[in-house]
Amino acid sequence: MSEAVAVPAPPQLPSSYVAAWRTIRGIIANDRKAQIGAAILAGSIIVAIIGPYIAPHDVEEPNVAIRLTGPTLSNIMGTDHLGRDLFSRIISGLTVSLLVATGAVLIAVVIGVPLGAFAGYQGGWVDTIIMRIMDAIIAMPGRLLAIALVAAVGPSVGALWVAISFSSVPRYARLIRGGVLAQREREYVEAARAIGESSGSTLLRYVLPNAMAPVVVQITLNFPSAITAEASLSFLGLGLVPPTISWGQMLSGAQDYLEVAPWLAIFPGLALTLLIMGFVLLGDALRDHLDPRYHGRRRARKRAAA
Amino acid sequence: MLIRYSLRRLLETIPTLFIISVIVFSLVLLIPGDRVLVMLGYSGGDIADVISKEVYAAMEIRLGVNDPIPLQYARWLGRALQGDLGTSPLHAIPVMDIILARLPATIYLALASIILGTLVAIPLGVAAAVKQNTWVDHLANGVVLFGLVTPGFWVALMLVLLFGVYLGWLPTFGYTAPQDDFVEFLRHITLPTIVLGLDFAANVIRFIRTDFIEQMREDYVRTARAKGLSERLVIWKHIFKNSMLATVTVLGFDISRLMGGSTIIESIFAYPGISFLLLQSIFNRDFATVQGVVIFIALMVVFMNYLADILYALLNPRIRYE
Chain A
1 MSEAVAVPAP PQLPSSYVAA WRTIRGIIAN DRKAQIGAAI LAGSIIVAII
51 GPYIAPHDVE EPNVAIRLTG PTLSNIMGTD HLGRDLFSRI ISGLTVSLLV
101 ATGAVLIAVV IGVPLGAFAG YQGGWVDTII MRIMDAIIAM PGRLLAIALV
151 AAVGPSVGAL WVAISFSSVP RYARLIRGGV LAQREREYVE AARAIGESSG
201 STLLRYVLPN AMAPVVVQIT LNFPSAITAE ASLSFLGLGL VPPTISWGQM
251 LSGAQDYLEV APWLAIFPGL ALTLLIMGFV LLGDALRDHL DPRYHGRRRA
301 RKRAAA
Chain B
1 MLIRYSLRRL LETIPTLFII SVIVFSLVLL IPGDRVLVML GYSGGDIADV
51 ISKEVYAAME IRLGVNDPIP LQYARWLGRA LQGDLGTSPL HAIPVMDIIL
101 ARLPATIYLA LASIILGTLV AIPLGVAAAV KQNTWVDHLA NGVVLFGLVT
151 PGFWVALMLV LLFGVYLGWL PTFGYTAPQD DFVEFLRHIT LPTIVLGLDF
201 AANVIRFIRT DFIEQMREDY VRTARAKGLS ERLVIWKHIF KNSMLATVTV
251 LGFDISRLMG GSTIIESIFA YPGISFLLLQ SIFNRDFATV QGVVIFIALM
301 VVFMNYLADI LYALLNPRIR YE
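Chain order of the listed sequences is A and B. Residues in the first sequence are numbered consecutively from 1, following our numbering. Residues in the second sequence are numbered consecutively from 1, following our numbering.
Bear in mind the hints are in silico, worked out from the structure with no lab data behind them. Even glycine gets a Cβ: it sits at the ideal position worked out from N, Cα and C. There's no promise every hint is true.
Covered stretches of chain B, as calculated for chain A (at least 3 residues, CB under 8 Å) [stated by the list, open to error]: (1) 278-285; (2) 288-300.
Here are the simulated distance ranges between beta carbons [stated by the list, open to error]: (3) A:LEU274 to B:GLY168: 27 to 37 Å; (4) B:ASP180 to A:GLN35: 21 to 31 Å; (5) A:SER156 to B:GLU12: 30 to 40 Å; (6) B:LEU90 to A:HIS81: 30 to 40 Å.
All chains, full assembly: derive it from the sequences and hints.
In structure tokens, the structure reads:
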């Protein structure tokens, strides 16, 4: 943890999105935890994209002769009850997992950010009502709500996206609202308004980039919960259904063969854990550097360690 | 002061409860198909054979499907407030009775997880903060990272594999009431408790550790040291209260996961609590029970959050005067 990646102390100059990106790159370059996390994620994304081309076997092709065999040279993670290659199916599950999680996080951001900005900018009773609703959603058990929602409308990718993103919307709304309130009265924002910039453009060009850091942290830490939520729902039979391949669904099926084929339960879980770990390591490191609330703690830890 | 704070916080929960009730009520509106048939648990076949005209008409009146939605909501809320969550078409008994029958199992599991988590977390968290960068600290960090990155249901599967399949030490599903056979009760509750308790412990450790390191730099600690109190006394004097604060804080936001997030854990261990009831009702298309369980758990979580807040204020006087 080098001091070279010093976080711009408030009051800061209006930065741009490019500068925000540069800061993140700086953190990744200097923090070992962030490097490991970023490496896992980069690897995962590459595998998710080129997966279908490098998978050693067809994901659906059954081969009864080798059903429920343990890891061998040709099936390095073993085969399932139909003799399908587990390794190839895990690669395919990675793509699905990332797509569902990305969709859910994106929806939460696209709804939460403008909502929070609007509430913060408007103030008054509009702000009160919006934030009250956000408080109520946060107070509800999110996973339970997701289960109930999918149960009501029936499982589909769309339902999963809505169900998983629903409980994360308030987190973004709160962050952005706080950022807008903090930046609203700054001189440069007033100056931008004075030279005739519309409030929407002021928001996009000056206010949001300055409130972006905690949002980036939140996005990185939102992924693990979205990934787990999809896997959990699919495990319960309320998420993705065959022929779509999902790690949750694979683990659910593995329950029937725990005694004879434990690898079916072990490998998809390890894949899930590794992917989550990538996001957690990167997110934790980013938060350590970017989130002002954690600065005191980091310094404290350093001082105590010295 | 504390009473005034409690009352103010209680008033603040009202809008939250209102919005939650609207969301839960709306869930049923999202279910495709004739709502009267949905709430009667109709699952196919010739309607005339399964559901009599009288039953249909009675449900039609109860729901008031032709009335404006806000009126239907008000009627539903009024009945729910009186504890009337409707009747389960599957079991032909009031939903409230089913929930209350399943509730103890869930409460035992939540309590056991909190106790186990706290017993692991407090010593480990404090030791990690006091002896930074030693093996205790690394162990604590390991537990935290493990809790953060491993999905609970996979840990559950691995425990079933290890203790159930390979070692055969513990039952991997089912439940025995403590008043029937306490030893069997403990044997059944152990594995789900480990899964949920570990998750809880990870969060508490994180809080205690950061909190402690911060506290050690505070003025009162410096004063205590300057007075010549031994390091040990300084540490232990403040351990209890601050560890409790951290635990209550985590409890506040973890209780909803212990109650709602345990759906998948209860289902893996076929542990008959209310979360498992929810899942069974979903698969049986018993939406009266689904709706009842969801509103019940949501209310319980809000109430627990409220209690955690009060407890926090009790332990930390600064909050009350804000």
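Comparing the hints with the structure gives:
With a threshold of 8 Å between beta carbons, the proposed coverage of the segment 278-285 of chain B by chain A holds, since 4 of its residues qualify and at least three are required. Here the segment 288-300 of chain B counts 4 residues with a CB under 8 Å from a CB of chain A, which clears the bar of 3, and the coverage holds. Taking the beta carbon of each, A:LEU274 and B:GLY168 are about 30 Å apart, inside 27 to 37 Å as hinted. For B:ASP180 paired with A:GLN35, a C-beta distance near 54 Å fails the hint of 21 to 31 Å.
Between A:SER156 and B:GLU12 the beta carbons are some 37 Å apart, a value that agrees with the proposed interval 30 to 40 Å. Range check, B:LEU90 to A:HIS81: Cβ separation about 31 Å, and the 30 to 40 Å hint holds.
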